Amino acid sequence: MWEKGEVTELKSATILQKKEGMLYYQQVSTQEASRVKLRLLVSSDKGADVVYTFLWKETDKDVARNERDVFKNALVIKMGRSRQTVGTEKSNAKPEEEDSELTLGKKRKANDENSMKITDEDLKARQNILSSNVELAHLHKSLVVSGIISEDVFWESRMHLIREYEFQSNIKKGEDSMWIELAPSVQDNGNFKYTITPEVAKALFKQYPQIKDAYINNVPHKIQEKVFWKRFLASQFFNRNKSTSLKVGKDNIFDKCMDEEDKFLNGENQVDTNQILTILDLTKTEEDHTETGNEKDITMQPGKNVESLLLIRRFNRHSEQVLMDTLKNENYGMSASTNREKMGMKEMNKQELEKSIIIEDLEKHDENIGISLKLDNTERYFDNSKNNEQLVELSKEEQESIVSYATDQLSSIQGKIKLETSSKVFITVFESITKSLRNKTNQVARAKKAVEIMKEGNVHQRINELYLECYELCRHMFVVTKLGKNDNLNRGSNLEEKVKKSRELSEAITKYGEKVDSVFSKFNENQKAVTSKIVERIKSCIEAALEEHKNFMRMQSILV
Amino acid sequence: MRFLIDDLPVIFPYEYIYPEQFNYMCDLKRSLDAKGHCLLEMPSGTGKTISLLSLTVAYQQFYPDRRKIVYCSRTVPEIDKALAELKRLLKYRADNGVKDEGFLGLGLTSRRNLCIHPKLSRERKGKVVDARCRSMTSSWVRAKSKNDPDVETCSFFETLSESQDAMLMPSGVYTMDDLREYGAYKNFCPYFLARKMVAAADVIIYSYHYMLDPKVTELISKEFSKDTIVIFDEAHNIDGICIDALSIDLNLEKLEASTRSVEQLSEKIEEIKKTDSAKLQEEYNILVQGLKDASEARVNDIVIENPVLPDDLLNEAVPGSIRKAEHFVSFLRRFVEYIKARMRVMHVVAETPLSFLQHLKEVTFIERKPLQFCSQRLASLVRTLEITDLEDYWGLQKVASFGTLVSTYDEGFLILLEPFESEAATTPNPRLHFACLDAAIAMKPVAQRFSTVVITSGTLSPLEMYPRMLKLKTVVMESYTMTLTRPCFLPIVVTRGSDQVSISSKFEVRNDPAVVRNFGNLLIEMCKTVPDGLVAFFPSYLYMESIVAMWNEMGILKQVYKHKLIFVETPDTAETSLALESYRKGCENGRGAVLFSVARGKVSEGVDFDNNYGRAVIMFGIPYQYTESRILKARLEFMRENYQIRENDFLAFDAIRHASQCVGRVLRGKSDYGLMIFADKRYGRIDKRSKLPQWINQHITEATSNLSTDMAVSTSKLFLKTMAQPFDFDLQLGNSLWSEQDIVHKTKGRIAN
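Line by line, the protein sequences give chains V and H. With UniProt numbering, the residue at position 116 of the first sequence is 116, and numbering never jumps. With UniProt numbering, the residue at position 275 of the second sequence is 275, and numbering never jumps.
Calculated directly from the structure, the hints in this document are not laboratory data. Model, not experiment: these values are computed from the prediction. Heads up, a few of these hints could be off.
[Claimed, not checked] So these bits of chain V aren't anywhere near chain H, every CB distance computed over 10 Å:
#, residue
1, 55
2, 218
3, 225
4, 350
5, 449
6, 508
7, 519
[What the hints assert, rightly or not] In silico lysine to any residue, SDA-like type, Cα no more than 20 Å apart, as pairs:
#, chain 1, residue 1, chain 2, residue 2
8, V, 515, V, 543
9, V, 515, V, 537
10, V, 124, V, 169
11, V, 212, V, 326
12, H, 91, V, 358
13, H, 633, V, 300
14, V, 304, H, 426
15, V, 173, H, 590
16, H, 119, V, 272
17, H, 119, H, 390
18, V, 346, H, 178
19, V, 482, V, 158
20, V, 124, V, 164
21, H, 226, H, 590
22, V, 304, H, 628
23, V, 230, V, 200
24, V, 355, H, 610
25, V, 364, H, 735
26, V, 202, V, 187
27, H, 558, V, 196
28, V, 449, V, 428
29, V, 350, H, 92
30, V, 296, H, 348
31, V, 296, H, 323
32, H, 558, V, 184
33, H, 87, V, 358
34, V, 226, V, 169
Virtual Cβ for every residue (Gly too), placed ideally from N, Cα, C.
Please put together the full structure from these sequences, using the hints given.
Printed below as a string of C-alpha cells:
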C-alpha cells in the first residue's frame, strides 16, 4: 500500500464515502522536497485506493508549509475524533505527507484532548482563521502542534475570533441593484440582437414587477420561456420609450402589463399613508391648513417634465424592490418591516418620535471605553515609517547653535519688533521652549531609530514570537493553577490533571526562559539596548508564571 | 440638570448642556424680561426646541403672571416633535420635584389630521374632511337631526358638546397621537376638544398659519392675551408665509365653479322664499343691526372665514345694497362675470388694487364698501340658507376672499392677469394672481398684539434683513456659533470638476453637458465615498427633472446604482413620503441610499437627515428663485422702494438661506457628523459666502472654498475617516459641553466681569 521506508504512525477506523476502513497516518521525512504537498490516501478493503495529492501553489516554502500544517492539523483532529466515536467500522484512509517534522507522540497528545463537541464549522473556522493570521498560525504551530497546549485550550480563549469569523462569513452579499437598460448588440448583417441572461431577467423583474407576475403566470405551462421573451421584446410595453416607430401588434400578456405600468406611472396607485411613519408623513403638513398663496412659479411645479417623472417613478420603484428583496433575505437582525408588524404602527410611531427628539451627547454617559487596537499582523504596524524622512537626533550643542542663530536673526529685525533678547525672562522662556522641543524631536528620532534596529536581522520578528509564545504559555499557566470550586479532595482526578498540566507547562516555560536568554545573548549591543525592556518584560512574565506554579504545587500538596 | 439664569431656576432635561444653548436661554430671558421681540439664530441640530421650551416653561411657571406660550412651527412632524419634547420636559420636571399643577400642553392641526370618525378619517384631502365634518356638526344639521333620525351627525362631536365637565381633559401634555387616543377613549372629537382647550392651555403648538393667516387666526388665536409669548421656530422663511397668507390665485376653473355656486344660491333663495321666508327676513334684520351679532354664531358654524386681518375688519353694518339675499347674489354674479371678462386678455396685465377697483366701478357699479363685506356677507348667507355641502363652494369662497382683500388693502398688493401658464405655452389658460408683496402686513398685527415675539431658526443670516422686511422692532438680536471639540461638520465648496471645467447652476450653463457631467461625476464620487445616506438638493423641480433625465442618458445614474439606491422626490406627497421612508430603510440596513430632493421643496422643510440618514448633503447649484416670475419682480421692486433692499441682495439672501437650510439638515448633536457640499463656483465668492450663517461660514477655510471634484473627494475621505474614530466625550466637558458646575463656574466669571 505504501512505499518503502514509510512507517505507519497513526491508525484509525473511519468511514469514507460510506466505505468502512482504516485511516493511516504516516510520516516521511523528506525535508528537501521541492514543493509542499499533502497527499491523502484513502484505501478501502473492498474498493480501489484513491490518492489525493494537493500541491501548494505558493512557492515560498515557509508560507506553504504553514498553510499545509493547518490543513493537516484539521485532518488529524478529524481522524482522532472518528477514532473516538467509531470503534467497529473499518476504513482505510491514509494521509501521507512529506516534509513533516512532527513526531507521533506530540500529535497523539494533540488529538487526545479533542473532545467530540467540535463541529465541522468550528473546525473550518479555526482553519481559516489560522491561515489568514500569520502570527496566530505561528503560535499554534509552536504551542499546539508541538503539544504543549491542547487544541481546545488554545481556542477557548480565542472564542471571539471564531465568533467574528462566523459573523463575517455569514454576511451575505445583497441583491444586485443594477439598473438595466436593455441595449441590443448590432450584428454583422446589421440586425439587432438582444440577449437575455438569467441575470438580466432577474433585473428586469425587479424593474417591472408586472413582468415578473406575467412570467410566473405564463412560463412554462402556457408559453415557453423563449417565446415569452420574444413577445416581450416585440411588445408595445418594451418599445414604448423607443423613438423608432415600430409596428406593434396586440399582445394579451404585455398589454395588460402596459396598463398596469401606465397606472403606476401616472401615480394612480394610492399610497396608504397610515403605513407611513408619522414623522415622515409629509401629507399631514400639506393638509394641515387651507391652501394659501399664489401658485408656485414654473420652475417649482413638480412633474412638469413628464418623461423624467416616469423615469423618477421607475427609479423609486426599482430601489424599493431591491430594498424589499434585501430585507426579505435578511434573517439576522430586525428589519424595519418585521419590527412594524411586531409592535404595530402606533408603538412604532411613538418610538420613532422619541428617538428623533433625544440628543444623545447631552445625556449622561458611561466612561468612554476605547476600542482596543486589533492587529492581525503586528509587523505591518511599522511598515508605514519606512519612507519617512530621516530624523536626526540633535545634540545639545547643535541645538544651542540653532537657538543662537535664531536669536541673532530675531535681533536683526529689532527695528520692527523690539526684543529684549538679553533679558532674563526672555532667556528662561526661550530655553524652556527649546528644551521641550528638543525632547520632543529627540523622542521621535529615538523611536524611529529603535524601529530601524528592530528590523535588522529579523530581531523584531524573533522577539515578537518569543513574546507571544511566552505570553500564551503563562496565560495558560495562570488558568490551570486557578483553583475552581470543584477542585477539592473528592474530585481528585480533576486536580490531578491540573497538577500534571501545570508541571508540563512549567517545564515548557522554563525551557522558553532559556531560549529567550540564548536569543538575547546573540544580539549585538544596539539590539540589546532596544530589546532589553521587552526581554525584561518577558522574563518577569516567566518568573511570575513559575512562581504561580510553585504556589500551586504547595497548595496542592496541602490539599492532598 | 438644574441651574439659575439670574433668579430664574431652569430645569433642563439632560445631564449636560451646550454652551450655545445656555447663552441662547440667557438672551431669550432678556427679551422676555423686556417684553420685547427677539431674533435668534442658533446652529441647526444644537437642540433649539428644547432650549426654547425649557426656558419659556420655567419662566411661565416661576413668575406669577404665567404668560401663555404659543409655539409655531412649520410642519406637522415638527409640531409633533415639539410636543414630544414638551412632554419629556414636563416629565423631567416632575421627576425633579417641580409639580406643574394643572399644566396643559396641546397641539392643534387640521380636522384631516385629528379626525377619528370612522368614515371621515379615511379621507385624504383636508378640504373634503372639513366640508363633510361641517355637514355633520353645524348647528342646523344637528337641530334637524333631532326631528329626523336619518340626518347623520358625528357622535364624537355630540358627546363633546353634551359633556358637562368643566375640565374636559386632565392636565398634561398631549401629542397628536395622545389627543386622538384620548378622544377615542372619551368619545370626544379630538379636533374640537383641542379647539375648546386652546384658550385654557399653557402651551399651544401649531403651525404658522394659525397665527399668521387671518382666516384662521380669527377662529383660533383671537382670545390670547397681550403678554402671550409667541415663538416662531424654523422661521427663516417667515416672510414667505406672511405673503402667502394674503395672496390668492383665481383661474377659470374656480370661476366656473363660482358661477355654478351663485346659481345654486339663487335657487336656494327662491326655494326658501316659498317655504320659510321669515328666515331671510330675520337675517336681513340682523344685518341691519350690524354684523357683530351675526358673527357670534357658534364656533363650528363659521364656515367661511374672513381673509382680512382683525385690525382691518370693519365693525359696522353691512351696506344696504347687499343686505337682501337676492341682491347679494346678483352682486356676486356681476363680480364673477367681471373677473371672467378681465381674464380674457391676450397679454399680461399688472395693476394696483386701486386701479382695479376703479375699473370695476366703471364697468359694474360695484362700490368699494360692499365689496369689503363680501366674505362676511357670504358667510352669513350660507348660514341662513343652511348650506352643508360646502365642498362645492370653494371657488366662490376664493372669489369672495379676493373681493374683500382687494377692497381692503391698497398698498403692498398687485393684481396680475396672465393669459398663459408659461412663456412657452400656446393654449391660453388665464389666471389672476392677487399677490401680497409686503410681508410686514401679516406680521404687523402679531407684532403689535403680543409683547414678545421670538423669531428663531438655524439660518437667519444676515440678521438685519428680517426686522426690515417684517417691520419688527427687536430688543435682542443674536447669532450663535457652534462650540466644537472636534469639527463635526465639514462645509466644502466644489467649484469645478476634475477636468477643471467650472460648475454652476447659472441659467446659461446649467444644461451644458460638461457641467451636467461634472455634477454627475461629483455625485458618483460622493456615492462611492460617503457611507449610508447621501442627500442631493437641486435648485428647482424643473432642474432636477431635467438633470435626472440627462444623467440617465449619460449613464451616470447607472454608476450611482452600483453604490447606492436612488430615491427621488415626486409631485405626489404620499409617494414622496414613501420614498423617504424607503430611503431611511436603505440607510439603516447598510445598503446605502441617495435621495434627490429640491431646496424649498417638500423634503427640505422639516425632515432631518441626522446620523446615518445623512452623512453628506450636496447642494447642486444655488437655489435662486425664478427671476422671470412677475410676482417676484414686483416684490423685488416693492422692497427696493419701500425697504431699500436691493434686488440682488434679496435674491442672494433668499437663495443662500435655503441652501444653508438644506445642508443644516445633516446635523443633530455634536457626536453626529456630516459633510456639507456646496457645488457651484459662485459659492466661492465672498458675497455669497458672507450670507451663510456664521456657524457654517467660519468652518469654510481657504483650503476648502475652491475645490475640484477629486480634491473634494480626498478631503471628504479624510474627514469621514477622522470622524469615524471613537469620540471621547470627556474631552468636550467644560468646552463644548457644560455640566451644572461648568455653568456655575462660567457665569461667576461673567458676573465678575
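Unmet hints by their number, sorted upward, for this structure: 4, 21, 26, 28, 31, 34
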